[in-house]
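Student: In case you want the letters, here they are:
Protein chains: 2
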Amino acid sequence: MPAPERLSLNTATVRPQWNLAQCVDGCLRHGIGGIAPWRDKVHEIGLKQAARVIGGSGLAVSGLCRGGMFTAQGALTDGVLEDNRRAVDEAVAIGAACLVMVVGGLPEGSKDIAAARAIVTDGLAKTLDYARTVQMPIAIEPLHPMYAADRACVNTLGQALDICDELGDGIGVAADVYHIWWDPDLAAQIRRAGKRRLLAFHICDWLVPTTDLLLDRGMMGDGVIDIAGIRAMVEAEGFDGLNEVEIFSAGNWWKREADEVLATMVTRGRTAS
Amino acid sequence: MPAPERLSLNTATVRPQWNLAQCVDGCLRHGIGGIAPWRDKVHEIGLKQAARVIGGSGLAVSGLCRGGMFTAQGALTDGVLEDNRRAVDEAVAIGAACLVMVVGGLPEGSKDIAAARAIVTDGLAKTLDYARTVQMPIAIEPLHPMYAADRACVNTLGQALDICDELGDGIGVAADVYHIWWDPDLAAQIRRAGKRRLLAFHICDWLVPTTDLLLDRGMMGDGVIDIAGIRAMVEAEGFDGLNEVEIFSAGNWWKREADEVLATMVTRGRTAS
Chain P
610 MPAPERLSLN TATVRPQWNL AQCVDGCLRH GIGGIAPWRD KVHEIGLKQA ARVIGGSGLA
670 VSGLCRGGMF TAQGALTDGV LEDNRRAVDE AVAIGAACLV MVVGGLPEGS KDIAAARAIV
730 TDGLAKTLDY ARTVQMPIAI EPLHPMYAAD RACVNTLGQA LDICDELGDG IGVAADVYHI
790 WWDPDLAAQI RRAGKRRLLA FHICDWLVPT TDLLLDRGMM GDGVIDIAGI RAMVEAEGFD
850 GLNEVEIFSA GNWWKREADE VLATMVTRGR TAS
Chain Y
610 MPAPERLSLN TATVRPQWNL AQCVDGCLRH GIGGIAPWRD KVHEIGLKQA ARVIGGSGLA
670 VSGLCRGGMF TAQGALTDGV LEDNRRAVDE AVAIGAACLV MVVGGLPEGS KDIAAARAIV
730 TDGLAKTLDY ARTVQMPIAI EPLHPMYAAD RACVNTLGQA LDICDELGDG IGVAADVYHI
790 WWDPDLAAQI RRAGKRRLLA FHICDWLVPT TDLLLDRGMM GDGVIDIAGI RAMVEAEGFD
850 GLNEVEIFSA GNWWKREADE VLATMVTRGR TAS
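If you read the protein sequences in the order shown, they are chains P and Y. Under our numbering, the residue at position 122 of the first sequence is numbered 731, and the numbers go up by one with no gaps. Under our numbering, the residue at position 39 of the second sequence is numbered 648, and the numbers go up by one with no gaps.
Bear in mind the hints are in silico, worked out from the structure with no lab data behind them.
The list treats identical chains as interchangeable, and a pair is accepted whether it falls inside one copy or across any two copies.
The calculated BS3-like cross-link candidates involving lysine-lysine, where the alpha carbons are at most 30 angstroms apart (straight line), are:
1) Lys735 <-> Lys657
2) Lys720 <-> Lys735
3) Lys804 <-> Lys735
4) Lys864 <-> Lys720
5) Lys804 <-> Lys720
Just need the whole structure built from these sequences, with the hints factored in.
Tutor: The following block contains the structure:
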């Protein structure tokens, strides 16, 4: 039951409605304590302006979404690595708590998910080398297995933590209830992650039925995820970051007034998560 | 690259087109070696007639779909258990190699997936007690995590095998590439299952993009699953059952002539799996 100041607005939640400055103003108006921009919103107004707008607001920045997509060009190219270094720099510039990584799925034409995972680990390692030099924590976000082909071939907390074990300090996980709620090994893997590697906690809900694989996430309370139960697990490890609300919802929330979305988010934060 | 006689037609693949007798005739016409009926197709013509039609055909029966749905009434009721005993009897009557279990998701209104899983394990145990008396193997089919809420809260081979370990002899798994291809622990869990517990092997493909969570499965070769690679894993354990083709496809294969579907299945069996 987080109070508004314990929530963070992921800009994807109002992606079609608001630019970054409007998102910041909206958070202040609704008493929301933090923000997590996607890079498109940062680029839209420019990095310097984004850093100024956010920095002047007093909002916490629970993360920058997103780096990753290491498999986008088939092999790990300089272009992909350069884009990830830029993402690290942007995360630093806006004072983000972490850079969230959506690692990429199968390369075009490939059926070799083990090879894709090897590319991803290599890309994370190289990006981490740079991120360490500027003290920016890297947060691997395991995505729901239904995104394994086209968005991320890291699909469980356990798998993400195996990569963290391999790569060492400076890397952890972003735990999004939408992606992990079903995992029979969830409690054990959250314990395994521990406070040091729990870098972000994202909330929303799983609707029944879900009518679109990508753009039909639910507002907290409208679905079946035991959000409070999962929060209790991360808080038992000492996680004290914000509850970042990230809702892709083409058919519902993206069609409403953004102020209504934020007001609902605040209410549901208190009553349904 | 299974030859047609190594394939089995799951009746769901031509669900809107054909009844059970037509499915049997189709298999014989196309040289397909086995069949796996859903219970609706059996009930449609009656169990005795179904047993006669299948028994007289010489087709192998790679499984009966499906028992399970233990959570459908919130708690494990006599009605649910009785239906599962009937499913066991039907599997025996048609000479099925196993009874496939789709175990059920969250009970209506529940967010407690651990409780749902406990109901499922209890239901499997009680059904197994009966199935052992008639020597009918029970095959838990872990479903893709995107079905955790509404169809099956057993979502990985590892989780299914944990249940098998707990319940003992007479129970194993149905490995469907659609549900398990993404699993980072797949190879290890197939090894763990071993020949004795690999009771069925289902094939189809994962389309990119997938436009419906339930009814947009692909024909082998149209998607991204390394079917041959996964078959090699199960065959390395000694699995020598049929390759059961189960494709729910409202927008494509269910709209075609069923003979075209079976002809494609035979071709793709040779060339794309």
